[in-house]
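S.K.: We have chain S already, so just place chain P on it with the hints.
These protein sequence lines map, in sequence, to chains S and P. In terms of my numbering, the first sequence opens at residue 735 and continues consecutively. In terms of my numbering, the second sequence opens at residue 119 and continues consecutively.
Warning: the hint list may mix true and false statements.
Said to hold, decoys possible - Here are the simulated lysine to any residue pairs, SDA-like style, with alpha carbons at most 25 Å apart:
#1 P:K314 to S:Q1117
#2 S:K909 to S:G893
#3 S:K909 to S:T862
#4 P:K314 to S:R1122
#5 P:K314 to S:G1066
#6 P:K314 to P:F302
#7 S:K909 to S:L845
#8 P:K314 to P:T324
#9 P:K314 to P:I300
#10 P:K314 to P:F358
#11 S:K909 to S:D863
#12 S:K909 to S:G846
#13 S:K909 to S:R887
#14 P:K314 to S:V1065
#15 P:K314 to S:R1067
#16 S:K909 to S:A991
#17 S:K909 to S:D879
#18 S:K909 to S:Y951
#19 S:K909 to S:E999
#20 P:K314 to P:V328
#21 S:K909 to S:G880
#22 S:K909 to S:E958
#23 P:K314 to S:G880
#24 P:K314 to S:A991
#25 S:K909 to S:E833
#26 P:K314 to S:R826
#27 S:K909 to S:R826
#28 P:K314 to S:W1063
#29 P:K314 to S:A1123
#30 S:K909 to S:D1002
Calculated directly from the structure, the hints in this document are not laboratory data. Since the structure is predicted, the reported quantities are computational estimates derived from the model, not experimental observations.
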Amino acid sequence: MRGLALLAAGLLQAAASGAPGLPPPGPPEVESRGGQVSPLQALIDRASPGDRIVVSEGTYEGDLVIDRPIALVGTGRPLLLGSGAGSVVRVRAADVSIEGFDIDGRGGGDLGQDTSGIHIDAPRARVTDCHIRQTLFGIYLREADGAVVERSRINGLPGRPPGEIGSGIHVWNTKGFRLEDNLIIEVRDGLYIQSSPGGVVRGNTARDLRYGIHYMYSDDNLFEDNTFANGDAGAAIMYSRRITFRRNRFLHNRGFASAGLLFKECDDVVADDNLIADNARGIFIEGSYRNRFRRNIVAMSDMALVIYDSSGDNVFEGNAFVGNLTPLWLVGRRTDTRFTGNYWSDQDEPDLDGDGYADRPYRLSNVFDHLRGNMTAADLFAQGLAARALGAAERAFPVLDAVPVLDERPLVRMPALPEVPPLTPADRPAAARAGAAAWPAAMALGGAFVLLAGGRSPLTRRRRDVGRRV
Amino acid sequence: MAALWLCARHELLLAVRSRWLQWFAAVFAGLALLVASSGYILSGGHGLQDFARTAVSLVQLVLLIVPLAALVFGALTLSPDRGAAEILYAQPVPREVILAGRVFGLFLALGAAQLLGFGVAGLAVQWSAGPYGASQFLVVVALSLALTAVFVTVAAALASGEPGRRARTLGLALVVWFVAVILFDLAALGVASLLKSGAASRLLITAALVNPVDAGRTAAYLAIEGTAAFGGASLALLRFTGGGASAGAMIAASFLVWVAVPAWIAARRLGRADL
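Isolated chain S (complex conformation) (with noise of 0.2 Å):
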C-alpha cells in the first residue's frame, strides 16, 4: 500500500514538476572530484577536531570537504566559489559548523548528485549567516538528525524551470533539524522535507519558487511565523501525519491551479492563526483525515475552500473568510467536514438575538456555485447581480438542494484575530502600489466643476437667447 502511494506521489510529483520524483537519492556525492580543490582544503586537511578556522575576506575558488568536527568562520564574508561540477561545501563529519560565507555555485553541477551550496552528510551540523547563489540546491541535509540552518539567505537559479532545480533547503531522512530566519528565493521548494519527522521550522521567508514549504512523509513536524508567497503553493503537505503549524502567512499563490495551503493524505493536522490571503484557492484537501484549522484568516481567494470528498473528519472553528470569490468548491457529492464559528464576509443573516451568531446557519454552496463548478467561464458573472439573484431565488425555493454544506453558527461580525500576522504594505502586490489615488480624485472634481460651472458661464445670456427661442 506504502509502496502504492509512493508510486502515485512519484506519478503526482512527476507531473507537475517534469522533475524525478521521489528519491530514495543516490549514494552521496563521489568524493574524488573532477572539479578544483580549494585552497581552503589543506587548512581543513591539517586541523585537529574541535578546531576552529577563521577565514578572512576574499575570494577561494574551488570545492571543500570538511570531514572532521571543526567550526569553519568566515570573518568579512569571505566567498567560497565553487568549481560548478559539484557540491561547493560538502560536509562529511559530525558536529561541523559553518557561520559567515559567501557561497557560488556557478550554477553548475547535477541534479541527480545532488549538488549543492552547502551538502551535509552528517549528524548535528550548523549552518549560520551563509548566503548561497547560484546552485541547484541550496543546503541538502543528508541524514543530518539534529542539524541546524539558521539566519541564512538562498538564491536559486531565476529563470529555470523547476524540474531542473532542486530545493532551498532539502532535509531528507533527517531526525530533530531546526531551521530559522532563513530568506529563500527562486528555488524549486523552498523547504523540502522528507522522510523527516521531529523538525522545527521558524521565522522563515520562501517566494518566487514553486512549494514554499514541502512535506513529504514526514510526521510530528512543527512550523511557525513564516512567510510563504508567489509559488504554485505556500505549504503543500503530503502523507504525513500531526504536522502543527501556527501564525504563517500564505500569500499570492496566483496561478491556475495554485493554493495557498495543499493537503494531499496527510491527517491529524493542527493549523492555528495563519493567514492565508491572495491565493487562486486558499486551502485544498484531498484524501485527508482529522485536521483542524482553528483561527485562521482565508482573504481573497477565488475559492476559499476546495475539498474532496475523499477527506473527512475535517473541522472549521473560528476562522474568518474575507472576500473570497467562493467560499468552498466540493469535489464529489458529499463532505462530513464540520464548520462552526466561522466569519464568512458575504453572511448576510441577522443577528436578532444579539449573541453574535447569525440566526440561521450559513450556506457555503449555492446554485451558482454549482454551475460554476461545471463551467469554468461561469465565474466571469459571479460578481453580477444574476448570481445573486440565483442565490437569492434558491434560498427562496430550495427546490435545488443540491449539497448542503453549513456553518451552523455562523460569526456576524469578524473576529479579532491578534494572533494572526498582519499583511504589511511590502506585501501588496506591485500593480496596487502604484501611485496616489488623491490625484485623479482631485481631478475628478475639478473636471465636475468645470463642467457643471460651463452649465453657467458667462456665454449664459447667449444660450439663455437659445433657451428663450426654444
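M.R.: Just chain P now, kept in the frame of chain S:
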C-alpha cells in the same frame, strides 16, 4: 459643429438647472462615499481591504446606478415633446445635429455628476486608507463614463420618434436596464448550463463581451485585479480573445458598437418622426 456645441451646452444648462440631476449627483456622491468608506471599515484594521477592493465595490455601484440614471434621464429629456421640440427641430439645422448635441450635452451633465461623486469618494479613500490604487480609481471613472455614453445613446434611440409618449419611453428604458443588468446574465447562464462545457464557455465569454454592462464589469475587474479577478475564467477569457490587448480592444469595440448603432437608430427614427 457650432450648432451641435450650442445644443450640447443648452442641454447641459437645462440638466444643471434640473432638480433631478442635482439629486442624482448628491445621491451618487453619497453612495460612492458609503461604498468607499464601508470598504475601508471591512478591513477591520487587518489591512486586508485595500483600495483595489474598494474600487471593485465601486464597480458594482457604477454597473447598477449609471445605466439606470443614463436611461432614465435620456428617456425623460430626449423624448421630443409637443411644443418645445417642434420649435427646436424647426431651426435650420439638421435634426441629427440637434440630437447629437443634446445627447452630448446630457452625457456631459451626467458625467459631471459622476465625477463629483468619484472626486468626493476618492478623496475620502485617500484620506482614510492611504495612497494605494490610482490606476484602479481611473478605471472605475472610465467605466462609468463609457457606460453613460452607451446608455444615453440607447435612451436616445428609445426616445426618438416617439413624440409625446414619454411614459412609454421611460417604461421601455426601465425594461432595457433590467435586461442589461440581470436578465441577460441569467439567460446566458441558463443556456450555457444546457450546453457542453466547451460551447458553454464560448457562449459565456461572448456574452460577457457583448452586453455592455458585462463588458464593463469584465474590463474593470481585469484592469483592477488582473487575472485574479475571475480565477480560471480570466485565463479562459484571455485565451479566447487572444491576449489582454485584444481583449481590451474587443471590449472597447463592444462599447463603440453600443454607441454607434443606437445613435444611428436614433438619427433614423428621428428623421422619420412626424414632429
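S.K.: Each hint needs a verdict: does it hold in this structure or not?
M.R.: The hints, checked one at a time:
With a C-alpha separation of about 23 Å, the suggested pairing of K314 of chain P with Q1117 of chain S holds against the 25 Å cut-off. Under the criterion of a C-alpha separation no larger than 25 Å, the hint pairing K909 of chain S with G893 of chain S is inconsistent with the structure, at around 33 Å. At most 25 Å may separate the alpha-carbon atoms for a hinted pair to count; K909 of chain S and T862 of chain S meet this at roughly 19 Å. Pair hint K314 of chain P plus R1122 of chain S holds up; C-alpha atoms about 24 Å apart against a cutoff of 25 Å.
Restraint check for K314 of chain P and G1066 of chain S: satisfied, since their Cα atoms lie roughly 20 Å apart, inside the 25 Å limit. Our distance criterion of 25 Å between C-alpha atoms is met by K314 of chain P and F302 of chain P, whose separation comes to about 20 Å. In summary, the hint linking K909 of chain S to L845 of chain S is supported, as the alpha carbons are separated by about 23 Å, within the 25 Å threshold. Only pairs whose Cα atoms come within 25 Å are accepted, and K314 of chain P paired with T324 of chain P is accepted, the gap being roughly 15 Å.
Restraint check for K314 of chain P and I300 of chain P: the C-alpha separation of about 23 Å stays at or below 25 Å, so the hint holds. Our distance criterion of 25 Å between C-alpha atoms is met by K314 of chain P and F358 of chain P, whose separation comes to about 16 Å. Taking the CA atoms of K909 of chain S and D863 of chain S, the gap is about 22 Å. The hint holds against a cut of 25 Å. Our distance criterion of 25 Å between C-alpha atoms is met by K909 of chain S and G846 of chain S, whose separation comes to about 23 Å.
Between K909 of chain S and R887 of chain S, the direct Cα distance comes to roughly 23 Å. Compliance with the 25 Å bound is thereby established for this hinted pair. Taken as a hint, the K314 of chain P and V1065 of chain S pair is honoured in the structure, with Cα atoms around 19 Å apart against an allowance of 25 Å. Our distance criterion of 25 Å between C-alpha atoms is met by K314 of chain P and R1067 of chain S, whose separation comes to about 21 Å. A hinted pair counts as satisfied when its Cα atoms are at most 25 Å apart, and K909 of chain S with A991 of chain S does not qualify at roughly 32 Å.
Taking the CA atoms of K909 of chain S and D879 of chain S, the gap is near 5 Å; set against the 25 Å cutoff, the hint holds. Taking the CA atoms of K909 of chain S and Y951 of chain S, the gap is about 12 Å. The hint holds against a cut of 25 Å. Between K909 of chain S and E999 of chain S the CA atoms are separated by roughly 21 Å; this keeps the pair inside 25 Å, and the hint holds. Distance hint between K314 of chain P and V328 of chain P is fulfilled; the C-alpha atoms sit about 21 Å from each other, no more than 25 Å.
With a C-alpha separation of about 6 Å, the suggested pair K909 of chain S and G880 of chain S falls inside the 25 Å cut-off, and the hint holds. Taken as a hint, the K909 of chain S and E958 of chain S pair is honoured in the structure, with Cα atoms around 18 Å apart against an allowance of 25 Å. For the proposed pair K314 of chain P and G880 of chain S, the alpha carbon gap of about 56 Å is over 25 Å, so the pair is violated. Proposed proximity of K314 of chain P and A991 of chain S is supported: the alpha carbons are some 22 Å apart, at most 25 Å.
Between the alpha carbons of K909 of chain S and E833 of chain S the distance comes to roughly 22 Å, so the proposed pair stays at or under 25 Å and holds. Between K314 of chain P and R826 of chain S the CA atoms are separated by roughly 60 Å; this puts the pair beyond 25 Å, and the hint is violated. A C-alpha spacing of about 17 Å is found between K909 of chain S and R826 of chain S, which places the hinted pair at or below 25 Å, so the restraint holds. Using a Cα cut-off of 25 Å, the hinted pair K314 of chain P and W1063 of chain S holds, with the two alpha carbons roughly 20 Å apart.
With a CA separation close to 24 Å, the supplied pair K314 of chain P and A1123 of chain S stays within the 25 Å bound. Between the alpha carbons of K909 of chain S and D1002 of chain S the distance comes to roughly 20 Å, so the proposed pair stays at or under 25 Å and holds.
The structure does not agree with the numbered hints 2, 16, 23 and 26 stated previously, though it agrees with the rest.
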